[in-house]
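In order, the protein sequence lines correspond to chains A and B. In terms of the working numbering, the first sequence opens at residue 222 and continues consecutively. In terms of the working numbering, the second sequence opens at residue 222 and continues consecutively.
Treat the hints as calculated values from the structure; they're not laboratory data. Take these hints with a grain of salt, some might be off.
Stated by the list, open to error - Straight-line alpha carbon distances no greater than 20 Å define the calculated PhoX-like cross-link-like pairs of lysine-lysine that follow:
#1 K833(A) - K833(B)
#2 K1083(A) - K863(B)
#3 K555(B) - K1083(A)
#4 K319(B) - K785(A)
#5 K1005(B) - K861(B)
#6 K924(B) - K703(B)
#7 K1083(A) - K396(B)
#8 K785(A) - K833(B)
#9 K340(B) - K464(B)
#10 K836(B) - K874(A)
#11 K785(B) - K821(A)
#12 K340(A) - K562(B)
#13 K836(A) - K860(B)
#14 K1005(B) - K555(A)
#15 K562(A) - K340(A)
#16 K396(B) - K319(B)
What the hints assert, rightly or not - The calculated label-pair distances, taken between Cβ atoms and stated as ranges, are:
#17 Q310(B) - A1082(A): 40 to 50 Å
#18 K761(B) - Q623(A): 43 to 53 Å
#19 D314(B) - V1108(A): 37 to 47 Å
#20 Q623(A) - D1087(B): 49 to 59 Å
#21 K555(A) - Q1018(B): 18 to 28 Å
#22 D1087(A) - Y593(B): 39 to 49 Å
#23 A1082(A) - Q1018(B): 21 to 31 Å
Every residue, glycine too, gets a C-beta built ideally from N, C-alpha and C.
2 protein chains.
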Amino acid sequence: KLTSMGFYSPRVFLRHIFSSQEAGVWPIWMEDETGRLDQTVVGNKDFSVTFLPVHLTVSPAAERLRYILGDDEETMPTPTLFTEMDTLQQEGDELEWKESARWVKFEEKVEEGGERWSKPHVSTLSLHSLFELRTCLQTGTVLLDLEGYSLPQIVDDIIERQIEEGLIGPELRDKISFVLLRKHRHQTKKPIHRSLADLGKSGSGFFILCSLLFQLKNKFMKKIPRDAEASNVLVGEVDFLEKPFVAFVRLSQATTLGGLTEVPVPTRFLFVLLGPLGKAKSYNEIGRAIATLMVDDLFSDVAYKARDREDLIAGIDEFLDEVIVLPPGEWDPKIRIEPPKKIPSSVFNLNELGQMNGTAGGGGPLGEELAYTGRFCGGLFLDIKRKLPWYPSDFYEGFHIQSISAVLFIYLGCITNAITFGGLLGDATDNYQVHLANFMSTFLGTALAGTVFCLFSGQPLIILSSTGPILIFEKLLYEFSKNNGIDYMELRLWIGIHSCVQCLFLVAMDASYIIKYMTRFTEEGFSSLISFIFISDAIKKMVGSFKYYPINTDFKPDYVTAYKCECLAPDTSKSILGIEHVTSEMLNITALDWTQLSKKECVKYGGSLVGKSCKYVPDLALMSFILFFGTYTMTVTLKKFKFSRYFPTKLRKLISDFSIFMSIMTFVGLDMLIGLQTPKLIVPTEFKPTRADRGWFVMPFGKNPWWVYLASFVPALLVTILIFMDQQISAVIVNRKENKLKKGCGYHLDLIWVGFLMAACSFMGLPWYVAATVISIAHIDSLKMESESSAPGEQPQFLGVREQRLTGILVFVLTGVSIFLAPILQFIPMPVLYGVFLYMGVASLSGIQFWDRIKLIMMPAKHQPDFSYLRHVPLRRVHLFTLLQIVCLAVLWILKSTFLAIIFPVMILGLMVIRKMLDMVFSQHDLAWLDDILPEKEKKKKEDEKKNTKKEKKKGKGGNDSEDVSVLVA
Amino acid sequence: KLTSMGFYSPRVFLRHIFSSQEAGVWPIWMEDETGRLDQTVVGNKDFSVTFLPVHLTVSPAAERLRYILGDDEETMPTPTLFTEMDTLQQEGDELEWKESARWVKFEEKVEEGGERWSKPHVSTLSLHSLFELRTCLQTGTVLLDLEGYSLPQIVDDIIERQIEEGLIGPELRDKISFVLLRKHRHQTKKPIHRSLADLGKSGSGFFILCSLLFQLKNKFMKKIPRDAEASNVLVGEVDFLEKPFVAFVRLSQATTLGGLTEVPVPTRFLFVLLGPLGKAKSYNEIGRAIATLMVDDLFSDVAYKARDREDLIAGIDEFLDEVIVLPPGEWDPKIRIEPPKKIPSSVFNLNELGQMNGTAGGGGPLGEELAYTGRFCGGLFLDIKRKLPWYPSDFYEGFHIQSISAVLFIYLGCITNAITFGGLLGDATDNYQVHLANFMSTFLGTALAGTVFCLFSGQPLIILSSTGPILIFEKLLYEFSKNNGIDYMELRLWIGIHSCVQCLFLVAMDASYIIKYMTRFTEEGFSSLISFIFISDAIKKMVGSFKYYPINTDFKPDYVTAYKCECLAPDTSKSILGIEHVTSEMLNITALDWTQLSKKECVKYGGSLVGKSCKYVPDLALMSFILFFGTYTMTVTLKKFKFSRYFPTKLRKLISDFSIFMSIMTFVGLDMLIGLQTPKLIVPTEFKPTRADRGWFVMPFGKNPWWVYLASFVPALLVTILIFMDQQISAVIVNRKENKLKKGCGYHLDLIWVGFLMAACSFMGLPWYVAATVISIAHIDSLKMESESSAPGEQPQFLGVREQRLTGILVFVLTGVSIFLAPILQFIPMPVLYGVFLYMGVASLSGIQFWDRIKLIMMPAKHQPDFSYLRHVPLRRVHLFTLLQIVCLAVLWILKSTFLAIIFPVMILGLMVIRKMLDMVFSQHDLAWLDDILPEKEKKKKEDEKKNTKKEKKKGKGGNDSEDVSVLVA
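Given only the sequences and the hints, what does the whole structure look like? Please build it.
Written as structure tokens, this is what we have:
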């Protein structure tokens, strides 16, 4: 039962109903015992807030508007209006209408002398001009639903009416008509106009050509919605009028009126203001006021539906009641205000609580996907049931130009990752598995696992890869087995098998529901740790090259004669120097020419290297550093280029998207140019297992005692926990509500495939693969869709992600094909890859709220960004939370470096326990802003809120946000 | 004769008079034949614009305000108001007044949950609340000039009046009094306050003492002017009222009322609004509205001088008439608007023409200093007359903490410059003059010339140094004399003497007036050229080190045994290999141990170097590159750090100011740590002339034929032109109006000293010194003064520059003393200095409008910054102007590289000719925005404008900016 509303004026109220419905929120209005209105929104739990009591007083204007707008809720929404304002100008001997500003949503002004469009900006009006406009509409002619087919006819009708109403004398008819029918000159066409006129005189053919080309691809048209209609505002001063001539016309049908409008959009509204000389500035302001009103959502509705003059006046009054006022002493009206990032929408005005649950949390999607079914494989069946209908569209929706750039981008990330992790894994396990030199198996493994996952998983946007935590675990396991005389590959196979079974068990038991307890705290702890591993590994590798290629810091260029390295034959006889010399010479003759031997050969044949330069390798360390640092810096710089002012948006986006690729190419080129023997990817010529003692498949039995097969259950448990955490945290991040995924997720389905692949990879001695957070996020980012036609100045709307399996599959097929890229890949220096690695670590840190909060510690309060949690949580509590997180991470990092590292996966679980304990330190309110609320707490909190609301209602106090204020004025 | 004004409302009008007077502009108002008002501003030619005609209609509110404000122009200005708003809150069982926002100029809000102050922001009000406030003041109690000594007494008086007026019943007296006297809790004081309250409710005396102590270190206090008074706004809802209780009180004397105000500022105004329950939000908005009004310049004047309620209402009406309105659909009121960079000031509203001449030009100070006197040495005498009275203050005003940082900063710049230019000059002249190895004489020369100049010159803020153009000229001169068999040093001496005489002649003839014709075009052309020389030299030097230390790109680490460099004795006999070997061995025994010789020795004794590593020097080139690039990058990064969000402002400024020093130290440290033999400053152990054939002084006669002494007049003319241009362009930049120099300049005096020093330096064989643009600008920048107490959020006002001679003298004394720094300076690697050099070139480019315009070419129109000239000049004209400038520079650059380089100084003069020719390509309007107008044109333009104005007046058209608009509304 809809009666009325209070503090929320008709604008908010009406918009509210419409937009809530769009957002899938259905408001229910109830009157309570005191005659106040209470709204409960149901249907979307994020907005399930109770509305606080409101008064029942409505101004006459609001009442009128509610009548004309509220009644026909079922009618079509009104078209978008494009508004153009033309002013009367003396151009040479002739009068003409010159375009001076236009509005799609924001104002664009023709710069006086600049002959160009200003940036779109918020229209700052003077209150004065709004009141003047109101007077104009009260006294002028208002023609609603005029049948108009041409401008002359419309002008005639207007003048006729004015004469009828006695506003002007009939002697003015011709003069006014003459002025109103002067030709219109539009900004974009101006160069043509001019140069065409002056063609004979100046002959600036180049400019004509340019402007013609410019018009052909008039981009502006794209910014106007297809169904848009135009409203034209004409203002000017003439010498024959004594008082203003004002007319507001609405045509019954939108009609294209010759060259009236800059773009081919039919005109619906016409506002004319002609007045006596000397007030051009004032007329301009009035024109800007009506133009701004015409593009206002509410007023344009009013204008379309108004029955008479009074409806329009009521529309202005309602507009006035809502305007935002800036004090004249604090703001210079000449400053053009940039359009805000987010335009006010009533959905977000609903209540801060709604926002808090919805946006501030940003946490896990606590939807039905993770509900605990209690049935055997219940979650898995639901996942399949949910994903199956989308399966065909998962393929055909992939055919889009955007997919190509996404595939290239992710492919580069994948092979970089594969190469680098492959190298680390090889190092860690003495090349038992894969080796840098045999990146082929890494590529094949990645390709195999990735393709299978993309084909059958629940969330194909996730990209599988080797990850840091798995790497660490494998390293520890290898050391453990080596120290205890256990065959590593066989143990690893059994762990894989056990782990696979455990994963199946977890899926069968719907265990993934536990991730509801993974809040931002856990997520961020885990992903920060991974980022730190990336960063520290990259730096370690770089520092390592200074050890591998030592620099001779004592080198004096002038004494170059003193530096050499000679290979001396082994000292076989304990003779004096002279005799030894003879002996070695004899050996030389008989066996080897020792001076001709390389360093390796010399050592191999037992010779000794003597000389000042033997220990040193010149240039390579410094060159490596330049390549490493250069790649990193260039990637960062190019990535930021998206926000620069130079070049068109598309080119900048391209540069930014391919920043990693371009940096790699640049520094590979530099390296080739200089030609130093920096460490490169060594590419094998044959395709074979890395170690002679390793076959293609790992045999399950024979090398270890029988009890190892059973005991490997325990480390498998650790691996399972690790894989579970790693996989599901990445999945939670990918499935976040902010990404607006429409096809749902499939945590159980994902996990079962990870389990299967684990067993398969163990059999083949390939690395284990789980979801790679950083690359998966990059995948999502490169597939984001944005609305095409947004008004100039308006931020494009994020529509969602191109959810499909095609890009993922292509990425992995390409990865598999990459083994044929060997001849090209061998030119890539390793330091370049380390640079990319460093970049990936740093880049993934920057998206984390935890990192934002760390930066806050170093900022004086006045420079801190306006994060929403800072408005609601005391700064010292924010810092305390951050410090606790830092301590947790530091402890994890230290543990990771000790013998306890083997239980590292369990420590990640420990983060969830610590988060639980934080409930004792922080209030639920603070945690809601800084983290998410744990499920059981959330329930409790909602109950508390309900109680509070009721209490406040009874006390009649605290309803600060929704009180009516009109009593005081009336 | 002041009658009235039109479109300019009282606010602008009154402000206008006051602020114009402050700015030294004296308006004269004249009524013309039509009864309109015409203003001519005289006394400051930058604002000599004629006001356009205005109407004579004034609203009643404006009339009223003009009466109360306009009459007592001679009275003291009213104090600044600090406004605090407290709201009534239930804290536990007790009611208390909690501070919720405060205003010095902008609003700072207490963040709800954050327990901290928000950033200062522009108060966005709702129009609604302003109307409500108006109603409040119309119906509530207004007590003006109340004798108040304590809060209880004031509260009693208010309530008494309300009862008298029949607004409340007497039964409410105690309740209202009780509520209004509840204690006040302030945001900053919260901890103390609480503990005090718990201290046994001790006397208010102790409480005041405590809060005073606390406030001693209250930084916020600094932001409030010393003479400020407070206005307190108290709003709250109570359960015993049926309708609002409103009171506006002005005390006859500002009084400290206990703990009412957060800071110890006496209260002058009190606004109280208590109302029935349920409208807290509305009351809050009304409180914010009155608080915003109280800090408004005009309204606070009205509040101080109001005679009755109607005056206050008129103040609100005037405020309303001027407010800026944002459409509700385009702006979210929740966004906090950052305070604008520049707060509207009527001086800048005067007229765009004024702005155009004053700001857009930004060019030469065309003041009386450069007037052509026509008398012998007229300008020089005027210079001395102008500067002499300031002479004592030039010393004692230097004693300020800021001077220390300025001295250190400029000192570092100077020695960097001296070392680098010294090196280049030495290279260019085969060490005839100074040499890198003998930087001592460079230091001494710089110290001598600089100290003399700083002591006696007309503009002691200018720093003398070797400069690029002089360097180029010397190089060319040296080559010329070498090729023609003329003794360079003697020729140079004669050129110096001639040039000195020519400078004296120029001074005597007041020739410096010619620099009025040096517009931005010439200035920027010249300084861009210098910047490019800096940049190209730095890069050349860097590339050079790759040639000086060649890298062995074929080096294979494994074949280290194959690389050596042996010194072989000269091949004296044409014998076969075996015999030669014997011979050399014999020589070895008899004369030298050839294998022990260094590279240099080997070459010296005629040996030959044989081996793969002879040609190469490892590591040094790459290390040099790292040092070079690192120094540059770090300096740029640290310089930008000033604009980062981290750390307090002062620390950031410190880091930014010392960025060059810190970068040098960092990379010197890195170089020492690695320990490679990078090229360092080689420091001599003795102090002696660089070449054996050079004495301490250059003898004027004996080495060249007699006619050379006369003929050197011609090259001397070139040098004079060059020095004149270099010196005076730098002086023009330093003396720019933007720097707000108060002690005047002395172009003639400067030039005479440069001439004298030129002769002196020529005698001693030291380089010639002129004003160094980059360092002089840095000097000015480091001495800039800003207003201390600016309201939070307000940009500090630039007050001027600490004009004195002390910093300059100290810099040069330090430079002289630096010869004792030799042991430290020898650790500085040359590549670090080249890095600094590169930075200086790039940094000085970035301040140039020409460079901004080059960047515009690469920007799509929508991303271009809102430069004022872009609003007035068509983009293609801007680009054309830029392209012409680029072509000019390119031609200069090419000429500089050919044999024509010797007439290089004349080419700079040529820029002025080209500028003159631009008058034919561009309109004066465009040139006024992009450049300055040449003197004779300016005269003409003004005449044209006058004509236009008159014409427009007659036509009654075109006065768009100053028309009255009130007719339409009334």
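Agreement of K1083(A) and K863(B) with the hint, judged by alpha carbon distance not exceeding 20 Å
At roughly 15 Å apart (the allowed maximum being 20 Å), K863(B) and K1083(A) satisfy the hint.
Between K836(B) and K874(A), does the CA-CA distance stay at or below 20 Å?
Given pair K836(B), K874(A) is violated - Cα atoms ~46 Å apart, limit 20 Å.
43 to 53 Å as the expected CB spacing between Q623(A) and K761(B), which holds or is violated
Holds: the Cβ-Cβ distance is about 46 Å, inside 43 to 53 Å.
Straight-line alpha-carbon gap K340(B) to K464(B), limit 20 Å
violated (35 Å)
Going straight from one Cα to the other, do K785(B) and K821(A) come out at no more than 20 Å?
Distance ~18 Å between K785(B) and K821(A) Cα, so the pair holds.
Is the straight-line distance between the alpha-carbon of K785(A) and that of K833(B) 20 Å or less?
This hinted pair holds, its Cα atoms lying about 11 Å apart.
Agreement of K555(B) and K1083(A) with the hint, judged by alpha carbon distance not exceeding 20 Å:
Holds, at about 18 Å.
Check the following: the C-beta atoms of K555(A) and Q1018(B) are separated by a distance inside 18 to 28 Å.
Cβ of K555(A) to Cβ of Q1018(B): about 19 Å, so the range 18 to 28 Å holds.
Range first: 49 to 59 Å. Now tell me if the beta carbons of Q623(A) and D1087(B) are that far apart.
The hint (49 to 59 Å, Cβ to Cβ) is violated, given that Q623(A) and D1087(B) are roughly 33 Å apart.
What's the verdict on K836(A) and K860(B), does the C-alpha distance respect the 20 Å limit or exceed it?
Judged against 20 Å, a Cα distance of about 41 Å means the pair is violated.
Range hint compliance [Cβ, D1087(A) to Y593(B), 39 to 49 Å]:
violated (57 Å)
Taking only the CA atoms, is the gap from K1005(B) to K861(B) under or equal to 20 Å?
holds (18 Å)
When each numbered hint is compared with the structure, violations occur for hints 4, 7, 9, 10, 13, 14, 17, 20, 22.
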